[in-house]
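**Student:** Listed below, chain by chain, are the residues.
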Amino acid sequence: MLDADYFRRWMTATAASVDREAQRLTELDSPIGDADHGKNMQRGFTAVVAALEKEAPDTPGAILMLAGRQLISTVGGASGPLYGTLLRRTGKALGDAAEVSEEQFADALRTGVDAVMTLGGAAPGDKTMIDALVPAVDALPDSFTAARAAAEEGAVATTPLLARKGRASYLGERSIGHQDPGATSSALMVAALVEAADE
Amino acid sequence: MKMLINVAETVVADALRGMAAAHPELTVDVENRVIVRRDAPVPGKVGLVSGGGSGHEPLHGGFVGPGMLSAACPGEVFTSPVPDQMVRAAAAVDSGAGVLFIVKNYTGDVLNFDMAAELAEDEGIQVAKVLVNDDVAVTDSLYTAGRRGTGATLFVEKIAGAAAEEGAPLERVEALARQVNESSRSFGVALSACTTPAKGSPTFDLPPGELELGVGIHGEPGRERRAMMTSREIADFSVNAVLEDLDPRNPVLVLVNGMGATPLLELYGFNAEVQRVLVERGIPVARTLVGNYVTSLDMAGASVTLCQVDEELLRLWDAPVKTPGLRWGM
Chain S
1 MLDADYFRRW MTATAASVDR EAQRLTELDS PIGDADHGKN MQRGFTAVVA
51 ALEKEAPDTP GAILMLAGRQ LISTVGGASG PLYGTLLRRT GKALGDAAEV
101 SEEQFADALR TGVDAVMTLG GAAPGDKTMI DALVPAVDAL PDSFTAARAA
151 AEEGAVATTP LLARKGRASY LGERSIGHQD PGATSSALMV AALVEAADE
Chain R
1 MKMLINVAET VVADALRGMA AAHPELTVDV ENRVIVRRDA PVPGKVGLVS
51 GGGSGHEPLH GGFVGPGMLS AACPGEVFTS PVPDQMVRAA AAVDSGAGVL
101 FIVKNYTGDV LNFDMAAELA EDEGIQVAKV LVNDDVAVTD SLYTAGRRGT
151 GATLFVEKIA GAAAEEGAPL ERVEALARQV NESSRSFGVA LSACTTPAKG
201 SPTFDLPPGE LELGVGIHGE PGRERRAMMT SREIADFSVN AVLEDLDPRN
251 PVLVLVNGMG ATPLLELYGF NAEVQRVLVE RGIPVARTLV GNYVTSLDMA
301 GASVTLCQVD EELLRLWDAP VKTPGLRWGM
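Keeping their order, the protein sequence lines are chains S and R.
FYI, in our numbering the residues of the first sequence are 1 to 199.
FYI, in our numbering the residues of the second sequence are 1 to 330.
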């Protein structure tokens, strides 16, 4: 079972990982975006960690909803509403249980990913964060490590794709050959699921 | 890369502090990042709120004041503001007559303004939204996020702002904003990439002998790259690209807009070529504005926006305006 502490560790591990990889995310965002994805995600997750320390919600659902609200209020760009919605909807789907099973979490995360697809209008293959999240959700019932591998593969697999959503889409064919920064940060978030479990 | 800044993290806040010092006629909330005309809310007047990433100055904060925007929300550099800013701005300018959000078509701006509209409506503020999407360089919009909003934003903000100042109701202000957007098209070129404070080096590599055709306003590469062209050739290419998509039966407003690092000497020269093409194409020009209005930090280059106007739109364009970035008639 996964308790509130687990989800707190997940958010902390994501924040640490985004911190470490901020430069790389920004580099990836440079040829096809506007070179700020790392900074924006860093700002958002710093706020998430600060809010969790201050408010200390005690259920998995409340933790993710608070984290999502922080991202919406601090990140800006498309990433703020999209990542914010991912966490808020996942948290909402978890309800107010004190502990959730891995299966319940997998279902809830799928609800969150569906909400992101609806909000952003993106489908798999559009070269967005969805290309890491959908494979991760599909693999999640097996294990967190399987989800991590699937998300990483999904992110790498965006490289040859033509961007159809977000700012990279304005480049048309010139977006081909670059790994999507949003899919990359999504893979970091999924990888943090494993780190949080190891601790 | 040298920049006149302290550190990247405080660039927007530092600029807002400086703006507040230079423009006491505005209320600048540095902490919450909202710029409001000091006399807001004006009783009975529709509020106009716009915003977007910073780095496009004077857009949008520089267009706050009588006759134009009621408030603006600057985001991080090239990153849309967050819903909290927009809700705060809407609450500051709503007199009960409602608020129009003017949104440039970028995924981030659209999503954040949509969320803000919902939140503002929860607070009892009537909100209408208009999307600006004038950039003809984005083709096949079925496969993209749609056309970008660029130079036409200035026309929309000015003309809708004038209507609101006259006391027009929300639905009329919204309809005029839509009409201006639908009557406007833009095309931009870049002679150099720009440098964001966060990255500290040019966002893409553009060799000295080449230019990017069809750029937006975020330093992203454009539709295609070619060997450097003359001002005359660029004007032919740009105006023709616009006119492929706009067939004006009426006179047009012309905006020859600098991207930030192109001097007025070059912009005026470029405008001469733009006007020549328009004469050749038999399109009468009602008014022309030349300068750096919708910029991309230190990008060199220019964009051309045409807006077909009827008598009503032209009258509203000529109406008095008093903002840091645009001022006439008062």
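Just so you know, these hints were derived from the structure itself, not from any lab.
Heads up, a few of these hints could be off.
[To be verified] Not the full set, but computed from the structure, chain R residues with beta-carbon under 10 Å of chain S:
id	residue
1	Asp84
2	Ala137
3	Gly329
[Said to hold, decoys possible] Rough simulated footprint, nothing fancy, chain S against chain R, three-plus residues with beta-carbon under 8 Å:
id	segment
4	31-43
5	95-108
6	164-178
Bear in mind the structure is a predicted one, so any value in this text is a computation, not a measurement.
Idealized CB from N, CA, C, for every residue including glycine.
**Student:** Could you run down the list of hints and mark each one as holding or not?
**Tutor:** Results of checking the hints against the structure:
1. For the restraint placing R/Asp84 at the interface with chain S, the shortest Cβ-Cβ distance is roughly 5 Å, inside the 10 Å limit, so the hint holds.
2. Hint status for R/Ala137: holds, given a least beta-carbon distance of 8 Å to chain S, under 10 Å.
3. Given hint, R/Gly329 at the interface with chain S, is violated; its Cβ is 35 Å from that chain's nearest Cβ, farther than 10 Å.
4. Counting residues of the segment 31-43 of chain R whose beta carbon lies closer than 8 Å to any beta carbon of chain S gives 0, which falls below the threshold of three, so the coverage claim is violated.
5. Counting residues of the segment 95-108 of chain R whose beta carbon lies closer than 8 Å to any beta carbon of chain S gives 3, which meets the minimum of three for the stated coverage.
6. Look at the segment 164-178 of chain R against chain S: 0 of its residues bring a Cβ nearer than 8 Å to a Cβ of that chain, fewer than three, so the hint is violated.
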